[in-house]
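Asker: So the sequences go chain by chain: A and B.
Here numbering that gives the first Met the number 0 is used: the first residue of the first sequence is 0, the next is one more, and so on.
Here numbering that gives the first Met the number 0 is used: the first residue of the second sequence is 0, the next is one more, and so on.
In short, the hints are calculated from the structure, not lab data.
Honestly, I wouldn't trust all of these hints.
Away from chain A, derived, C-beta distances all over 10 Å, residues of chain B [as the list claims (entries may be wrong)]:
| id | residue |
| --- | --- |
| 1 | Ala-115 |
| 2 | Ala-122 |
| 3 | Arg-195 |
| 4 | Cys-337 |
| 5 | Tyr-357 |
| 6 | Phe-371 |
To spell it out: a stretch of chain B is covered by chain A in this simulated footprint if at least three of its residues, at any positions, have a beta carbon under 8 Å from a beta carbon of chain A; those stretches are [as the list claims (entries may be wrong)]:
| id | stretch |
| --- | --- |
| 7 | 15-22 |
| 8 | 214-224 |
| 9 | 302-314 |
Where a beta carbon is used, it is the ideal one built from N, C-alpha and C, also for glycine.
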Amino acid sequence: MTSLLELKKIEKYYMQGEIQVHALREIDLKVAEGEFAALVGPSGSGKTTLLNIIGGLDVASSGFISLNGLDLSTITSHALSQFRLFQIGFIFQAYNLVPVLSALENVELVMVLQGRNKKERTERAKHYLNIVGLSNMMDRRPSALSGGQQQRVAVARALAAGPKLVLADEPTANLDSENATALLNIMFKLAKEEQTTFLFSTHDPRVMDVAHRIITLSDGMIKSDEIHSQ
Amino acid sequence: MQQKAHLPLSVFFMLAWRNLWRHKRRTIITLSSIAIGFGLTVFSIGMQDSGHNNMVENAINMGDGHITIQHRDYLHSPANYRFLNDGNSLLESLEKENINAQIAPRISLQILASTAHNAIGAAMQGIESNDPLRKLLEKKITTGGWLTPNKPRGIIIGDGMARKLKAKVGSKIVIIAGKKGGDSESQLARVQGIFRSGIDELDKYLILSSLEYASQYLIAEGGITENKPLTRIAIFLNDDKSMEKWKQILSTKYNTEEVVVLDWEDMLPQLVQYIVFDDLGAYIMQFIILLVIVFGIINTVLMGVLERTREFGLLRALGMSKNYLVTMVLFETVLLSCLAVVIGWIVGGSVHLYVATYGIDFSGMIPEGTTFAGTFMDPIVYSELSSERIYQLTIIVFVATLLSGIYPAIKASRIPPIEALKS
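Here chain A stands alone, though its shape is the one from the complex (with noise of 0.2 Å):
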C-alpha cells in the first residue's frame, strides 16, 4: 500500500505563560492510502496537536510533513487553506456545524467553496445524508438536530467534498453509547467503501475495537504502533 502521510522527526513547541512546553517529540510516522487509524493515549500527550498540525491548522516547530506528495512544511498560509479545502476532511469533537445552514447546506458548503456545480455539490450532499441516514432531516438547522445527528451531518460534510484524509479529533465524545457506536459504524463503512483514509484522536475503546490499527502516544512520543487484523 502506498504511504498516503508521512512524518519525519515532527517537534512541536509552544508557550504556556512563560513556560515551554514541548509538545511532540520527534515523531516519525507514516499512514497508508484506505487506513482507518486511531490515535490513543492520555490527555496532553499530543493528539491533538498532532491531528492539527497534519490537517495544517498548526505548524510543526520543525521536522517534515507531506501529505499525498505535498510537502507542508514550506507551503504559504494560503496553499494551506487550499490543502485543507481540498485534501482534509475535518470531524470535531463538539460538532461545529455553521447555525444558520440546514443540514443540507453544512454539507454543500466545502463543496462550494471548492467550486462545485450546484448540481454536482446537492447530489453528493443528499446522498452522503442519506448514507448517514439523515435523508427525511435534511432541511433542519443545527439547532433543531440532535448531537448525535449533529455529527453525523459533520460526517457527510467530511466526505462529500472528496477528502483524501479524514480527520478526526474525539468525534465520539460528546455522544451516548448508542449515537457513537452508529456513527462509527457509518464511518467505518464509509472508510471501506469510498477508501477514505481516517485517522482519529480518541479515548473511546469502541474506536479502538473497529481501527485497523492504534498509535500510541505518550508525553508527545509514540509509544506503540499496533496494527489490528479485522
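Given chain A's structure and the hints, the job is docking chain B onto it.
Answerer: Chain B alone, transformed into the frame defined by chain A:
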C-alpha cells in the same frame, strides 16, 4: 496545487443575510438608529437647502439678477456718477447673444426724498415697465397703482417710507440726488402707488420710478440721453445652471477698465458667506450623526464577529481563505447599510415629501421684515432635495457604513483557526 477555491456572490449574500438576522432584535435596533439618524439628516438638509435656495432666489429676483453688468467701481464704492455711459450699445450687443434670460436695464440712485413733513435717505430704482421687480411688487401694492407712461413723474414707495414722509397717493415728493462736484439735482415726483412687501429694506427705503425719470439724474451727471445711460444691466437667466457659462462668456466680451460683469455671488458676498457658514454648521451636525451611525454598525458587526469566533475558525479550518472571510463580513455590513439607507429614505423621504408639500410655517419665529445677508427668507419653508443631494447622502451613508465594517472584517480574518476552534 491546481484546484482553486471559489465562492459565488449568491452564497456570500445568503450567509450574510442569515447572519444578520441571527439576532433580530439587535439588528432591528441598529437599523432603527441608523434609519432615524439618516432620516433626520435628510430632513435637516432638505430644510436647509430649501432655506438657502429661497434666500438666493429672493436675492436674485429682488436684487439685480443672476448676472449684472455695471461700472467696475460701483460695487465697492457705489455713487450715482458711476454709471454705464452707453447703455444702448450694450443692450443691442446683449440682444445678439441670444441669452435665454430677461434683460433689465436699471438706474440705481442714492437720493434724499423730501416732503413738507420729513426728509429721508432712500434708494431709487429706475426700471422699465416689464422689469422683473414689477412681477414681485405690483401684487404688493396696497394703495394706488403701478407706474404708467402717462405719468412720467410717478413713483412707487413702500408703506414704511410713506408713513415717515406722511405721504399718500398723489403726494408730491422732492427727489434730491448728490452730484459728483458736490452740487445736487432735484426733481419733483408724485406718489402713484404704495406697496407693502413685509421686507423692511424695501418698505422703508425703496422708491421705484420709470427708467426715463431716473435717467434725468444721470444726464445731470453728464450722461447723454441718446446713449441711454444706465447704472446696470441686470440679467435674469431662465436656467440657473447656465450662470457660470454666461458669466464667463460675457466677462470675456464686456469686461473693460470701466465695465465689469458680476454674478449674484460677487454682488452679495455676505450671503455666500452666510450660506457657507450655515452649511459648515450643518456638516458638523451631519458628521456627528454619521459617527453615531458608524459606531452603531461597528457595534453590531463587531459583536457578531466576536461571538462567532469559533465559527470563523471552523470556516478557516474547512478551507475558507482570509479574503473570503473578510468579504463575508463586509457583505453583512453592506446588507445592513443597504437596509438602513432604504429604511432611512422611507423615514426621511416621507417627512421630506410632507414638508415639501405642506411646508413648515416659521412666521412665529421669524419676525416680519427680517432680512439676512441682504436677502430674506419666506416664512413658510418647503423642504427641497436636489438629485445631487440624494446621491450624495446615499453614497456618504453607504460608504461610511461599508468602512465601518472593515475593522470587524479584518479582525475576523485574523482569528487563527486553531485558537478559534478552542474557544
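Asker: Determine for every hint whether it applies to the structure shown.
Answerer: Checked hints:
1. Ala-115: holds, 91 Å
2. Ala-122: holds, 73 Å
3. Arg-195: Consistent with the label, Arg-195 of chain B stays out of reach of chain A, its closest Cβ about 69 Å off (over 10 Å).
4. Cys-337: Its Cβ never comes within 10 Å of chain A, the nearest being 19 Å, so this holds.
5. Tyr-357: holds, 45 Å
6. Phe-371: holds, 56 Å
7. 15-22: Holds: 3 residues of the stretch 15-22 of chain B have a Cβ under 8 Å from chain A.
8. 214-224: violated (count 0)
9. 302-314: holds (count 4)
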